[in-house]
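Going down the list, the protein sequences come from chains A and B.
This note's numbering applies: residue 139 is where the first sequence begins, and numbers increase by one.
This note's numbering applies: residue 139 is where the second sequence begins, and numbers increase by one.
Accuracy of the hints is not assured; some may be wrong.
All copies of an identical chain are treated as equivalent in the list; a pair is satisfied when it fits inside any one copy or across any two copies.
[Claimed, not checked] Okay, derived cross-link-like pairs now, EDC-like style, lysine to aspartate or glutamate, Cα gap no bigger than 16 angstroms in a straight line:
| hint | residue 1 | residue 2 |
| --- | --- | --- |
| 1 | Lys552 | Glu576 |
| 2 | Lys880 | Asp869 |
| 3 | Lys932 | Asp851 |
| 4 | Lys783 | Glu577 |
| 5 | Lys552 | Glu577 |
| 6 | Lys418 | Glu782 |
| 7 | Lys144 | Asp397 |
| 8 | Lys560 | Glu577 |
| 9 | Lys937 | Asp854 |
| 10 | Lys932 | Asp888 |
If you are wondering where the hints come from, they were derived from the structure by calculation, not from laboratory data.
2 protein chains.
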Amino acid sequence: MSLLFKQLRIHQIFGANTDVGKTILTTALVRASAALKNEVFYLKPISTGPMEDADDEHIKRHSSAFKDKVHTECLYRFHVPVSPHLAAQLAAGDESQKIVSDNTFINTVSSYVRRCASRTNGPAHMYVETAGGVHSPTLSGTTQLECYRPLFLPTILIGDSRLGGISATISAYESLLLRGYIVDQILLFRDEYYRNTEFLTPYFAERGIGVTALDAPPSKTDDAVENFESTESYYKNLDMTPVVQNLDARHEQRIAELDSMPRRSLDAFWWPFVQHGLVKGESDVTVIDSASSDFFSVYKNSAIQQNANANMGSSLESQLDGSASWWTQAFGHAHPSLTLAAARASGRYGHVMFPQATHAPALELAERLLNGPGNGWASRVFFSDDGSTGMEIALKMALRAFSVRHNLQNSERKKLGVLGLKGSYHGDTIGAMDACAEEGVYTCEWHNAKGYWLDPPTVSIREGRWVITLPPALAASAGVFDSPAVGGGDSESWVYDVARRLNSPLADVYRDYLSRTLDGLETASGVPRLAALVLEPLVMGAGGMIFVDPLFQRILVDIVRERDTNPSSSSQDDIDTSKSWRGLPVIFDEVFVGLYRLGMQSTVPLLGTAPDISVNAKILTGGLVPLAATLASDSIFRAFYSTEKAEALLHGHSYTAHAVGCEVANQTMRMLERETKSEPWLAAKARWETPGKSSSAWSFWDPQFLQTLSRMDVVDEVMALGTVLAIKVKDADGGYVSQSAKIMLQSLGDSDNASSELPQFSVHFRTLGNVAYFMTSLNTSPETVRILEEKIWKALHNKRADL
Amino acid sequence: MSLLFKQLRIHQIFGANTDVGKTILTTALVRASAALKNEVFYLKPISTGPMEDADDEHIKRHSSAFKDKVHTECLYRFHVPVSPHLAAQLAAGDESQKIVSDNTFINTVSSYVRRCASRTNGPAHMYVETAGGVHSPTLSGTTQLECYRPLFLPTILIGDSRLGGISATISAYESLLLRGYIVDQILLFRDEYYRNTEFLTPYFAERGIGVTALDAPPSKTDDAVENFESTESYYKNLDMTPVVQNLDARHEQRIAELDSMPRRSLDAFWWPFVQHGLVKGESDVTVIDSASSDFFSVYKNSAIQQNANANMGSSLESQLDGSASWWTQAFGHAHPSLTLAAARASGRYGHVMFPQATHAPALELAERLLNGPGNGWASRVFFSDDGSTGMEIALKMALRAFSVRHNLQNSERKKLGVLGLKGSYHGDTIGAMDACAEEGVYTCEWHNAKGYWLDPPTVSIREGRWVITLPPALAASAGVFDSPAVGGGDSESWVYDVARRLNSPLADVYRDYLSRTLDGLETASGVPRLAALVLEPLVMGAGGMIFVDPLFQRILVDIVRERDTNPSSSSQDDIDTSKSWRGLPVIFDEVFVGLYRLGMQSTVPLLGTAPDISVNAKILTGGLVPLAATLASDSIFRAFYSTEKAEALLHGHSYTAHAVGCEVANQTMRMLERETKSEPWLAAKARWETPGKSSSAWSFWDPQFLQTLSRMDVVDEVMALGTVLAIKVKDADGGYVSQSAKIMLQSLGDSDNASSELPQFSVHFRTLGNVAYFMTSLNTSPETVRILEEKIWKALHNKRADL
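Here chain A stands alone, though its shape is the one from the complex (with noise of 0.2 angstroms):
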């Protein structure tokens, strides 16, 4: 959506209130940008107030002069002199249908400005001159700088000149750089009795901003012809030319910073699980200059940009964003909440130390975490940085609260080992490794898998139907079954509807077979004495979208407890033991699927049971900054409770607890609690759920979509749950280094796909190995997801053609 061109340097003009000058400083910049040779596109996309006092037309009467050069034109005129949200719905009167949406407003000024650029040949200047002050209401009510965000339009600041002014121009900047804008000029009048220009100047030169100090214009008289004369004579007299020449320096200097920004990053950065061998070139670096909501802004150069009509001329490309940045995206880039939420912490706090402190924004936090995810069995949450350092302490507590049960000896606690499932993961700290099989890439020097890990069986559609696959071993065990894919299932309650489905036939072989290789293991050489149970409930997800058989894991949790033998020792005699953990530690690693990923806000009540541990991250600050929580239990947390410091969880990390990640994840937290309840999640559950089947998990992809892909002869099968679509192609190899699914889908990342009928963005997706998978926020609309499922149906089917 953003707007970038190298012939045509577009500014938007803001205002620090209304009534500063906006319109005659436009002016000035209109004529000495015509006057230095430009062509001169001038835009008022909104206007209020009677035709002959228009902005537009003020501009059209001073620079007749220049007229082969400049082109005025408004968009939206209204009559009465309001602000455009009352004169929208003025216009409007009972049928506010007829307000024009944000989205729409935005296209229609994107469209003319890309009529613009491409209209114009040699260098061109276009000025966007918005209405009042900068949070002034737009037609839809959305206040200016969020509505035009989307555009990420270089910004000149009209500041005021009068008493108050100064702090009326640092407020008004500071809401616009709330909002990412790069402010590059501040223009007022001169006014020699307040001076502001004085207070202003150094300020904002600290900042890296210019200001200008321009002659206020000529008093009005009741004389229309002198009016016209002594104004055009104050025109004729301001010199604007430097201003000018600074904002092409300053795009100039932007345009050439992107340009060298892919040659500098490949030179300095060692990025995450990237082979720097396999990047090809420049062209392989994504340059991204703003995000918004779903969407990168990704600056393609002229030289990588393949086809530069794709993007009507535009250097930069809206590419969304399909895997949620890491799965991180709960409500898209750049939300504002989260912004204003940040700042209020970092303005109140700071970061502040955590040992035995407290603050507001953690406590709420806390709290919100027992009463959401940990709701009817945690007590408390530890705080660390990311999905990896809150795994290392969850696994630091399971360990423990095994040995002080079992009163283990200091050579015996050292060869602890997990029982989980192959696939896991669980960060990339060398602890956190430990407790995943070593199979695959995912190792290191280090790396030292410590544990048991089972094969599981997964959940997929395939040819329109859902199946369960069986790994060799289970379906051995089975019997039963002639072939490893069992099922037939019509709707996702044929599988997720686990408490149903502890009753069938495929419950008690998992009961057999799971009770028969925990027999196995206490005696088997080579494991170590397992002491925590580690699960990702419902989808390993680094493990390449691997969708496990949620009755699986709810029955692997019921037999370890049921196979406690030592529920309470001499150090542990103080709690109640029916509520104490029985068996093994059992840690939900809900990093990845926990707050509404998979369409609801813990695994816990699907499964219908829930762990001594857990740990969230990821979407947990909206997708903004790093924060990892640690859930435990009463009966955890009492193993490490005593009077002596060392006995203590001596782990810490400096940012412990920060008031920004914690107050973000707050407004993330309240804001699911609306999100969740809101139009499109409940008509995205009604699609899904099949009349008189109960279950609580659904998603947001299409139902009718997910079957005929699944009936693709390329696409082997296909899963979805939540914000989450997997998608396995058909490849011999697989595996995590296999460049089947990148290859088969990379169309979606081609600028040119755009260039199709459908609305103009290509894709960002990433692939495990022989799965691609896309992930929406939790409030992509739904016209974005059904276009994306356009385009991923079209590429694969364009990529069968070429087979």
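With the hints as your guide, set chain B onto chain A.
For chain B alone, kept in the frame of chain A given last:
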């Protein structure tokens, strides 16, 4: 500094602009408060303009009916009707030193408020009316909302009811929010034409703030008596009572919330490094209501507060953050420049995923780091979340580089270890722990120390002399020294002029000892193959603030490199071997010591040798949000460079290189550049340097103070470098779990410490066993440091008297 009194409810009145009716509405508030039988204090800290127009005069005039209840005061009065900063300049004329500083101004306001609080018995209200808009400059030129920030008073914002007033009101609110203010109420005049209230009411309701519109006052006439009467009758008809009741309710809510926080925190948190069994109860919880510069504002409810008078009745106590919040703070808490940097990045990007992508904040930061701490040796930056993750990455880099160079098999790779020093600490994730000796309490079930750790010589000031203490093995090895403590230098350059010391006899002792020890390790049983040298240069922080002899570390690096046996191998032959790592990859953990914590950007110039890998965190973001950077040389990077995905450094965190963290870090690095050239820094340096001797080490602490301290009979030794001061008290036991240093200095943390003649703040400090340490920000005022020194001396002096 912050003020909160149970009986005296205080609000500051800010205007969304000048001339929005602040005084009129404040008058109405004063009258309504008085009518509800409260004593009312009205404070106009600064008034400009003629006496007859003065706001306090207006209040007096129109509250005469409540004369016995209402007290008005103006602290600074100027008769020219211009902005306070201009009025102050005009009044000061050429003597600009006469302009009141922010500090003096705030102290004056604070004293007045405290006097009022002590004067009142029943419930009382106070209104502090500011001048102009939120960002109007005060006397010094600082804008108002920043100048008043240390008092952290809850705020009433007077909105703007005119055309453009929606924008002005929202922007003013956002500027307040950026400083963390609590906004309790928005008031504005009713205007039937522009209807701003209609828009603002739901807008602010969503943000939890009530908007109340009130009738505008009658227009003025030339007749003073008529004016007075119409205004009086206007006030009589204005119903401000519900607003006053709402403000009372907010005040009570805030206090109730603060009162409840200790209990709720004890119930919900699992604090890092805290033995909950040793937390005695609510009084052991530090309730941080806000923070500003070097101070926490800590809530003490009357039940907890031992000495209410000490705090002059305010429930909020200023507490110096004496450990820079776990060594993170660079410029103190809630620095507006960092908040704005965070806001700017959040508004522009939110967070965007990083693999193969680039954005301006990350790129700028990478380049700053390569040109800063990485200057001359580093070529790549790998981002992560905290010191511990940064070190895990560093270890993965070093171990792989070593394995590749030596063509190790997988089984050999798993058995590698590191060479380090006893007392090291690199973080709490298990990989970082495994690079440290398993001694003391920093351990856990899966901790498996992998390597060998040498006992290093340490540096301290004892009895006024600089000494180096040799550990037993080294002392024995030295032979020539009859005591483990050597030296008697009279200044820091005796220790820190490493280049000069390379030719000293002690250097030869170190060389000899290290060569023999490393020879021995090659064949020693139980010692793994060493694959990296891992050091915290100069100071081992969490291990006990151990100041290591830098000469020993320098020679250790040299010797490790001289022992290079395999300078190149087939997989590395494309690189310039003269620039390649030699012997072992060397990691400098500069998480604590880097970025001016010890007075220098990096320890590399002082040691005269560069690492192959280094880690920065903590100060990196100025102490606001988590972010870490691992820097690596090209030869390390090349070990992972191939066309095989599986050979890449497969490590990453969801928020890798998050824009908010990077932009805050960029702002921090800009400010570090400026700050370290500023007057207090240069003065501190000059004070420390011995004439005629060169050294790049120095500290903020007064050398004379250190001398005195080191001679006290309760003190074993002291040490200071940069912003750090460590005091080891005499204690037979010592060790991490010892409480001796805490007990010795505990009076610093008491509120009643504030009742002495020294300025009123208590000190929050941290201890590690028998070591108490103190740390300032990089811009703590020399005066605050001096007071802290005096408080420390007194605490120790009094304790000695107790013994």
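Evaluated hints:
1. With identical chains, the CA atoms of Lys552 and Glu576 are at most 16 angstroms apart between copies only, with a shortest distance of 12 angstroms across copies and 18 angstroms within one.
2. With identical chains, the CA atoms of Lys880 and Asp869 are at most 16 angstroms apart within one copy only, with a shortest distance of 12 angstroms there and 64 angstroms across copies.
3. In the homo-oligomer, the alpha carbons of Lys932 and Asp851 lie at most 16 angstroms apart inside one protomer (13 angstroms), although the nearest pairing across protomers, at 82 angstroms, exceeds that limit.
4. In the homo-oligomer, the alpha carbons of Lys783 and Glu577 lie at most 16 angstroms apart only across protomers (15 angstroms), although the nearest pairing inside one protomer, at 38 angstroms, exceeds that limit.
5. Only between protomers do Lys552 and Glu577 lie at most 16 angstroms apart by alpha-carbon distance; the minimum there is 14 angstroms, versus 22 angstroms within a single protomer.
6. Proximity of Lys418 and Glu782 under a CA criterion of 16 angstroms is satisfied inter-copy only: 13 angstroms between copies versus 57 angstroms inside one chain copy.
7. Taking the shortest Cα distances, Lys144 and Asp397 sit within 16 angstroms of each other inside one copy (11 angstroms), while across copies they are farther apart (59 angstroms).
8. In the homo-oligomer, the alpha carbons of Lys560 and Glu577 lie at most 16 angstroms apart inside one protomer (9 angstroms), although the nearest pairing across protomers, at 34 angstroms, exceeds that limit.
9. Within a single copy, Lys937 and Asp854 get their C-alpha atoms as close as 15 angstroms, which meets the 16 angstroms cut-off; across copies the closest is 76 angstroms, which misses it.
10. Within a single copy, Lys932 and Asp888 get their C-alpha atoms as close as 13 angstroms, which meets the 16 angstroms cut-off; across copies the closest is 70 angstroms, which misses it.
When held up to the earlier numbered hints, the structure conflicts with none and fits them all.
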